[in-house]
Amino acid sequence: MTNRFHGFRTGWIVLSALAALVFAASCRRIPLYDPQSGVYLKLDIRLAIDVDLSADIQVDGNPALENKVYGKTPEMVRVCFYDTETHKLESEEFLPPDGGFINIQAGTYDVVIYSLGTESTQVTGAETRAGSYAYTSNTGVKVKNMPTKAEGDDRLPKEVNVIHEPDHLFVGRMSGVEIPVHSEMDETLVLECEMKSLVETYTFEVKYVEGAGNIQTADVYITGQAPLKYLWDERYMGPACAIYFQSEIDLEKGHLFSVFNTFGKFPNSENHVFLNVLVTTGGGGKYQWVFDVTDQFDNPDNLGHEIVIEDPIVVPDGGSGTGGFDPVVSDWDVEIIEIPLS
Numbered sequence: 001m002t003n004r005f006h007g008f009r010t011g012w013i014v015l016s017a018l019a020a021l022v023f024a025a026s027c028r029r030i031p032l033y034d035p036q037s038g039v040y041l042k043l044d045i046r047l048a049i050d051v052d053l054s055a056d057i058q059v060d061g062n063p064a065l066e067n068k069v070y071g072k073t074p075e076m077v078r079v080c081f082y083d084t085e086t087h088k089l090e091s092e093e094f095l096p097p098d099g100g101f102i103n104i105q106a107g108t109y110d111v112v113i114y115s116l117g118t119e120s121t122q123v124t125g126a127e128t129r130a131g132s133y134a135y136t137s138n139t140g141v142k143v144k145n146m147p148t149k150a151e152g153d154d155r156l157p158k159e160v161n162v163i164h165e166p167d168h169l170f171v172g173r174m175s176g177v178e179i180p181v182h183s184e185m186d187e188t189l190v191l192e193c194e195m196k197s198l199v200e201t202y203t204f205e206v207k208y209v210e211g212a213g214n215i216q217t218a219d220v221y222i223t224g225q226a227p228l229k230y231l232w233d234e235r236y237m238g239p240a241c242a243i244y245f246q247s248e249i250d251l252e253k254g255h256l257f258s259v260f261n262t263f264g265k266f267p268n269s270e271n272h273v274f275l276n277v278l279v280t281t282g283g284g285g286k287y288q289w290v291f292d293v294t295d296q297f298d299n300p301d302n303l304g305h306e307i308v309i310e311d312p313i314v315v316p317d318g319g320s321g322t323g324g325f326d327p328v329v330s331d332w333d334v335e336i337i338e339i340p341l342s
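Residue numbers (this note's numbering): 1 to 342.
Because the hints were derived from the structure by calculation, they are not lab data. Given the structure is predicted, the values throughout are model-derived calculations rather than measurements. A few of these clues could be false.
[As the list claims (entries may be wrong)] Okay, derived cross-link-like pairs now, DSS-like style, lysine-lysine, Cα gap no bigger than 30 Å in a straight line:
#, residue 1, residue 2
1, 253, 207
2, 144, 207
3, 72, 42
Using the sequences and the hints, build the whole thing.
Shown next as C-alpha cells:
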C-alpha cells in the first residue's frame, strides 16, 4: 500500500511540474504586443526617396545604390515619449517597423520615433526632445583649401572633417499626444504616424569622360555639408564638413555616376559646395577635377536632387602624374587633401 501510494505521489508531482511548465510558457507576457495596454501605434515608413534617376544611372543589381534610392525597411524602431513641459524622456518602447501595442501611462506627450539598425548613421541625445540628433563618425581624413596669392601663402589653411556618408534614418514625430486612463471597457486607442528619411539623397553624374577605361578608382568629396541633423525640428549644427563616396564607372558610355546621401547643405549664405573628383589610374597616376555645384544644391527647381557635371574630363593613359592632387599625412596620421572649400 505504501509503495503504491508513494508511486502515485511521485507521479502526481511529476505531472504537476509538467503542468506548471506548460502554464508558464502559455502565459508568457510580451509587453510589446499586450492588447491590455489599450494603445496601438500604427507606423507607415515611407521608403520612397525623393530622387530622380536619369537613364545613365543604373542602380538595379547594386545593393548599396538600391538601398539609397528605394530605401530599406528597418527591423525595429525606438519610440520616445517626452513630457510636453519639461521635454525630458518619460518612457520608451521598441517596436517592429509596422508598429504594435505600447505600454504608456496616461498623460500628454511629444513623441519621436526613429529606425534602428543603420550601418553608419548614429543617434544620440535622446534624453531630451530637442536634444536627439543623427550623425556619422569622421573618416580620419580632413580637407583644406589651397591658399591664394591674395590671401598670402603664409596663411594657415582652414581644415574641415570628412564624415562617413549617412544611410537612411526614418523619423516620425507626434506633438501633444493625449493618452487617456485605460480600463477594460475602453476601446483600443490607435495612434498613426508617418516616418520619412532624415537624410537627403542626390544623384551624381560626370557625363563626358574621355579615357574612362584608364580609371582604377574614382573618389568623390563634396564640401559644404552639414555634419549632423536634429530629429525633432531637423535643424543643423556646424561647422560645415565634407562627405566622401566612391563613384561608379560606366566604361561603355564614358560616364561616372553614383547616388549619395547627406544630412543636407549647411545653411549658410556664404557656404559654397565644391565637388571634387579624385581619379587613380591603373598606372598609379592621380588626377583631380574640382567643380562648383553650389547653384545646383541651392536651385529650388532641382526637385529631383540631380548633380550633373557636363564639363568633359580627360583621364590620361597610365602615367604617374598627380594632376595637382597630392594627399599629405600629418603628424597625427590624418590624411589632409588640398581641395577648395570656398
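Hint consistency between residue 72 and residue 42 [alpha-carbon to alpha-carbon, up to 30 Å] | Given pair residue 72, residue 42 holds - Cα atoms ~18 Å apart, limit 30 Å.
Starting from residue 253, check that the Cα of residue 207 is at most 30 Å away, please.
-> holds (8 Å)
Below or equal to 30 Å on CA atoms is what counts here, so check residue 144 against residue 207.
-> holds (27 Å)
Hint violations for this structure: none, all hints satisfied.
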